[in-house]
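Q: Residues per chain are reported as follows:
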Amino acid sequence: MEALEFEAFAWLWALPAPFVVAWWLSRARGASVAPTGALEVWREAGAEAPRAARRSWRWSPRTAAAVASLVAAIFALAGPFLEPREAPTTWSAIVDASPSMALPDAAGFPRGQRAAERAQRLLARVVASGDEVEWRLVSGGRTLERASEPNPRWWSTQSARLGLARPDWARFDALGTLWVTDRGVGTSPRLAGLCASGGVAGHGALASWPGARLAGAGETWAVEAAERSPRVNLAAEQRSSAIGRAVAAWASARGVELVERFAPDDVELSILFAPPERARHAVGARDGWRIEGAAGELGAAAALDEIWARDATDPARVLVRASRGRVECAFAAAHVVRGDSAAFAVAWAELLDSALLPIAPTAPLEAFTQASEALERAPQRPLDERRPARPFAHVFAVLAALLALLATLLKR
Amino acid sequence: MNVVPNVDDPGRVSLDASYVARARRLAEGFAALRARESLALGAARRAGGGDELVGHRPLRAGEDARDLDWELYARLERPFVRERRTEAGERWAIVFDTSRSMGLGRPSKLQRAAEVVGGLAACGLRIGARVDCLAFAAEPGRAEVEACGRDTDWLRCVRWLDGRRALGAGSVVELCAHVRVMAARRVFVVGDLFDCTPRELAPLARAGRSLCALALLAPHELDPRAHEGAVEWVDPEREQSLALELDEAVIDRYHVALRRRLDAWAATLARHGQRFHVASSEAAFEDLVRAAL
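Top to bottom, those sequences are chains W and L.
Read in the numbering used here, the first sequence has 396 at position 396, and its numbers run on one by one without any break.
Converting from the second sequence to the numbering used here requires adding 412 to each position, the first position being numbered 1.
Honestly, the hints are just simulated from the structure, not real lab data.
The structure displayed is predicted, hence computed values, not measured ones.
Among the chain L residues that face chain W by a calculated CB cut under 7 Å, a handful are: (1) D604; (2) F606; (3) H639; (4) V646; (5) P648; (6) L656; (7) Y666; (8) A669; (9) L670.
Note that the Cβ used here is the ideal one computed from N, Cα and C, for glycine as well.
Isolated chain W (complex conformation) (with noise of 0.2 Å):
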């Protein structure tokens, strides 16, 4: 699509100029006025003429094309040129997901709600009607979720707790973009566009482990008795299971808390097992070890989800997989540990060690020693592939010249 521009616009209000000047000539020299006593024959005489004869003023063609070639001259002189037309852009917000966005400012608000409001301010100076703007959770090279309005759950404490890393920041500067963060201190984005909350040294947590967390501020840290012990949940059917009774050891070593049908958002970790529909036999191994047994088929991964064993008979089954806070796990409670068996309690500690999640969040040491500065750097239309503009002020001018010289040539 291409729409019509001129360079000089101001002379398209000299458009009127030719037609006044015809008419006043038209009224002028082309017309004589002739009083007479005979109007009534006059009229007589019009009204069985033909319709051209009864008009007021009927342009001679050569003024007519007299006109037409001042016309044409005033385009030529507004110098028109066909301007393609901006495709609609849709801008990428990359909102950082790191438990940092969720440490409250000074009024106690999220850092990561501050950080969107400026984001959506500065986003309407610079999206287009037609644009789409798409907002992006991203984790490291992740996108974790993408939405079309910022969502306040990005930033909640339970979001914390998973301990995400922040956005891996270069793959993500683009014309189009915003870095939507809360620490604008070392990123620099060259392309990109950059909008960061900043936020006040405050008071939190750095670390935490069962039965204590590492809690302080600025220059002060101590180790603090945890509010309660981790919960696990852990269905009672598969506890007697080997799986079952390894994450047993594991809770009891830890000083972890089985729990039964606790809501996700109360518990450190679930363990989830498939249902036993359709279940088949399935062998997994690692470590030196192998587990057989019934196994059914787990639900769609979600984005942050590592497979941790497969099925050796059919490697694009998954039998465990884990993220921060869930495992799951295809096998029934029928199962076998072939192999080393200690092994296998170790592996699957490993396992549970690396997805318990803490009982409140944590967030990096840097959040809570360095204040940092709100920083704005409005992101950058992208350049599309444009073709070049295309003035045709010529063709008006050689319009007017033919016109011209027709109008030199008719008889007025």
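Since chain W is already given, all that's left is putting chain L on it; use the hints.
A: Same frame as chain W, but now just chain L:
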């Protein structure tokens, strides 16, 4: 460039000494002609009132044949009708159209009409008729009358005509309804007759009254070929206009429409035994007076 008549100058009558001399010669000639006709036809004159035979004149087209003199026809083989007068002194009324449209033409219709009116008055007075000249007064709707009873009154009539302007507004029909006109035996209406119809003058054509309508048109009204191209026709009386692109076809249609209009005048007045003449303002007034008489 087209010839554009001066709209701002409504026309002003100018009658000089040469006109007076020409008009007197015309009147003398008319009187002599009347005398010769009477003698040649052997018409007896009777002094005093009554239904007097004053002479003969040629039969005109459309005229009632009951007044045809069959004896003369047998002798001369030309149709003549008897002319009578019921009064001892014949009364003439000359209606002079001084409306604004009469100011058009070179010379203006007004000038030529004034000359005709003066010539008619001279002729009438010369043969002993009482002549009343009527024109529009300065006050709208009113008539101005110049009554002449003797031959010596004619110069006063000329002064009345001299300097007159085409500023009147109205139709000659209003003047024709004047009591002086209704009392006259011969009525002459001199104007362009564009502002009235022959039907409107028909009431004048009752028995015993002779009516002659003389339509004086400007040259460009008779033949507008000088105005080819875009022309805005303006009626100076009604201040209306009509824009037309004139070409041969339109001008031909104008000629047809004008001819239709003039023919209607001639036919209507002839049906009532009256006469109608049309002439250009360029014509000599003597010819126009002779045609009217």
